[in-house]
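In the order they appear, the protein sequences are chains B and F.
Residue 55 in the UniProt record's numbering is what sits at position 55 of the first sequence, and the numbering runs on without skipping anything.
Residue 203 in the UniProt record's numbering is what sits at position 203 of the second sequence, and the numbering runs on without skipping anything.
Hints should not be assumed to be uniformly reliable.
One copy or two, it doesn't matter: identical chains are merged, so the pair holds either way.
Claimed, not checked - Cross-link-like lysine-lysine pairs, in silico, DSBU-like; alpha carbons within 35 Å at most:
hint : residue 1 : residue 2
1    : K22       : K74
2    : K254      : K236
3    : K276      : K35
4    : K270      : K46
5    : K176      : K258
For the record, the hints were derived by calculation from the structure and aren't laboratory data.
2 protein chains.
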Amino acid sequence: MKNIYMIGVGLIGGSLAIDIKKKYPEVVIHGISRKETTLDEALTLKLIDKKATLDDVVHADLVIISIPVDATVKLLPIVLDKISDNGLVVDAGSTKADICKVVENHPKRRNFLAMHPIAGTEHSGPSAAIPDLFVGKTNIICEVEKTTFKLQEKALELFKSIGMRMRYMNPEAHDKHIAYVSHLSHISAFMLGKTVIDKEKNERDIFDMAGSGFASTVRLAKSSPEMWTPIFKQNKQNVIETLEEYITNLTHFKDLMKEDDFDAIFKEMKETNYIKDILKGIN
Amino acid sequence: MKNIYMIGVGLIGGSLAIDIKKKYPEVVIHGISRKETTLDEALTLKLIDKKATLDDVVHADLVIISIPVDATVKLLPIVLDKISDNGLVVDAGSTKADICKVVENHPKRRNFLAMHPIAGTEHSGPSAAIPDLFVGKTNIICEVEKTTFKLQEKALELFKSIGMRMRYMNPEAHDKHIAYVSHLSHISAFMLGKTVIDKEKNERDIFDMAGSGFASTVRLAKSSPEMWTPIFKQNKQNVIETLEEYITNLTHFKDLMKEDDFDAIFKEMKETNYIKDILKGIN
Numbered sequence: 001m002k003n004i005y006m007i008g009v010g011l012i013g014g015s016l017a018i019d020i021k022k023k024y025p026e027v028v029i030h031g032i033s034r035k036e037t038t039l040d041e042a043l044t045l046k047l048i049d050k051k052a053t054l055d056d057v058v059h060a061d062l063v064i065i066s067i068p069v070d071a072t073v074k075l076l077p078i079v080l081d082k083i084s085d086n087g088l089v090v091d092a093g094s095t096k097a098d099i100c101k102v103v104e105n106h107p108k109r110r111n112f113l114a115m116h117p118i119a120g121t122e123h124s125g126p127s128a129a130i131p132d133l134f135v136g137k138t139n140i141i142c143e144v145e146k147t148t149f150k151l152q153e154k155a156l157e158l159f160k161s162i163g164m165r166m167r168y169m170n171p172e173a174h175d176k177h178i179a180y181v182s183h184l185s186h187i188s189a190f191m192l193g194k195t196v197i198d199k200e201k202n203e204r205d206i207f208d209m210a211g212s213g214f215a216s217t218v219r220l221a222k223s224s225p226e227m228w229t230p231i232f233k234q235n236k237q238n239v240i241e242t243l244e245e246y247i248t249n250l251t252h253f254k255d256l257m258k259e260d261d262f263d264a265i266f267k268e269m270k271e272t273n274y275i276k277d278i279l280k281g282i283n
Numbered sequence: 001m002k003n004i005y006m007i008g009v010g011l012i013g014g015s016l017a018i019d020i021k022k023k024y025p026e027v028v029i030h031g032i033s034r035k036e037t038t039l040d041e042a043l044t045l046k047l048i049d050k051k052a053t054l055d056d057v058v059h060a061d062l063v064i065i066s067i068p069v070d071a072t073v074k075l076l077p078i079v080l081d082k083i084s085d086n087g088l089v090v091d092a093g094s095t096k097a098d099i100c101k102v103v104e105n106h107p108k109r110r111n112f113l114a115m116h117p118i119a120g121t122e123h124s125g126p127s128a129a130i131p132d133l134f135v136g137k138t139n140i141i142c143e144v145e146k147t148t149f150k151l152q153e154k155a156l157e158l159f160k161s162i163g164m165r166m167r168y169m170n171p172e173a174h175d176k177h178i179a180y181v182s183h184l185s186h187i188s189a190f191m192l193g194k195t196v197i198d199k200e201k202n203e204r205d206i207f208d209m210a211g212s213g214f215a216s217t218v219r220l221a222k223s224s225p226e227m228w229t230p231i232f233k234q235n236k237q238n239v240i241e242t243l244e245e246y247i248t249n250l251t252h253f254k255d256l257m258k259e260d261d262f263d264a265i266f267k268e269m270k271e272t273n274y275i276k277d278i279l280k281g282i283n
C-alpha cells in the first residue's frame, strides 16, 4: 500500500493514521474533511501528510472513513463510485446494519469492507488522536465474504499489524450486541450526568464531594453529541430495547428499597459482582 | 499521638494505616477486626503493627472505625463507652445522619468526630489497601462543633498531613448530596452490569465487543455488597429520590427516541457535556 486516504481525521481516523505511519513509513496519508480547519489541524499535528478532496480517492489503495455514521451512509456510495478496481474502502462506524445496507447492491460492493474497531476515548477531533489506541483491541468485521479476498487480506494484515484482533459477525448481530455493551453505557452516563447537574447546578461546591467513582461512571457523558446522535438514530430499535431493560432493572431495585427488602438488594449486587470476571479481559 | 487503633483494616482503614505510618513512624497501629484471618492478613501486609481487641481501646489516642455503616451504628456507642477522656473516636462511613444520631446523647459525644473521606476504589479487604489514597481528596467533617477542640485539632492535622482537604457540612446535607454524587453512581453501574449480564450471559464472546467505555461505566459494579447494602438502607429516602429522577430522565430519553426527536436527543447530550468542566477537578 502506498496511498491511504483518511476521510475524517478525528479520534479514530487520526489515531489510525499515527499507527499506520509508524508501521509503514513509506505510506502517504492523505486527509479529507468537510472542514478546512480540521485538515489544517491534522497537518500541524502531523496526522496526515497531505490534504486531499473526494475526487482524489481514485488514486487510493485504501480509504478509511471515520466520520459520524449518518455522514458515512451518505458518503460511502459516492466514495465507492470513485474508487479504482484495486482500491478498498473501509468504514469504522459504530453501527453496521444501515451502512452495509446502503451499498448492498452497489456495483463496487466487493471493494468495501465494513468494520468497527472497539477502541476510543471520550474525546474527539484531531487533537484527540493518540498512538497505540488499537493495541489489543477487538476489530469487528462484518460481511467479510462480500469483499474481494485480495483486498480484505491486505487490509486485515494492516489492522493486525497495529495490534487489533479480528472478530467476524453479521451487521444485525453487531448492532444488537453493541447496543448492550456500548450504546447503553453512553446513555446511562449521559443521564447520570444530567440527573446530578439538574439537582446540583446551583451548588457547585457539592462537586467537591464527587470522587473517582462518580468520575468513572459519568466519563462517557463527555462524548460528542455529533457522533452519538446518529448512532442512536441508526440503532434505534436495539437501543430502545436495552433502555427498557435497564429502566426495568432500576425500577425493580428502587421497589426493593421501598419494600425494605435489603436481602434482595444484597443478592442483586452479589450476582452482578460477576462482572469482575467479565471485565478482566478488557483494558 | 502514639497509639492508633484501626477498627476495620480493609480498603479505607488499611490505606489510612499505610499513610499514617509513613508520616509518623513512631505511631503504633493496632488492628481490630471481627475476623482473625483479616487481622492476620493485615499483619502480613504490614498494615498494622499489632492485633488488639475492643477492650484495648481504653489505651487509644485515636480510634478510626472503617467498617460497614450498619456495624458502625452498633459499635460506635460501645467504643465511645470505652474510650479515655483524652481519646478520640473517628468514623469513616459513607453515611452520616444515622451515625451522628446514635451518639447524639452519648456522655462522651465530645470524644467523637464524624467524617467521610471521599476516596476509594471498587476493591475491598486488606489487600485493597494502597498508599497515597487520600492525596488531594476531600474529607467531609460533620458536626465539628460537637467535638472537643483539642481532639479535633489533632485529628484534622493528621488527616491534612496525609493530603486531605477538609470540608464541613451537616449530616443531613451530606447524606442528601452524597446520594447524587456517589450512591446513585453505584446503583447505575450495578444495574448496567445486570442488564448486560442478563442479556449476554450465554454469549460470553460478546464481551469481546466491550471496550474501555463499558469497563469504566460499569466499574463500580465490582463493589462490595457487604459495604453497600447498609449504605443504601441508611440513606434510603435520599437514594430513592435520586433513583426516581434518574429513571425519569432515562424514560424521557427513551421517549424522545421513540418519537424520533433526535434534535432533542442531541440537545440533552450537548447540555450534559457540561460535566467536562465539573470533572476537571476530580482525580
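Quick rundown of the hints versus the structure:
Taking the shortest Cα distances, K22 and K74 sit within 35 Å of each other inside one copy (31 Å), while across copies they are farther apart (61 Å). With identical chains, the CA atoms of K254 and K236 are at most 35 Å apart both within one copy (27 Å) and between copies (10 Å). In the homo-oligomer, the alpha carbons of K276 and K35 lie at most 35 Å apart only across protomers (24 Å), although the nearest pairing inside one protomer, at 43 Å, exceeds that limit. In this assembly of identical chains, K270 and K46 lie within 35 Å of each other by CA distance solely across copies; the values are 29 Å between and 49 Å within a copy.
In the homo-oligomer, the alpha carbons of K176 and K258 lie at most 35 Å apart both inside one protomer (33 Å) and across protomers (17 Å), since each shortest distance falls under that limit.
Taken one by one, the earlier hints all hold for this structure without exception.
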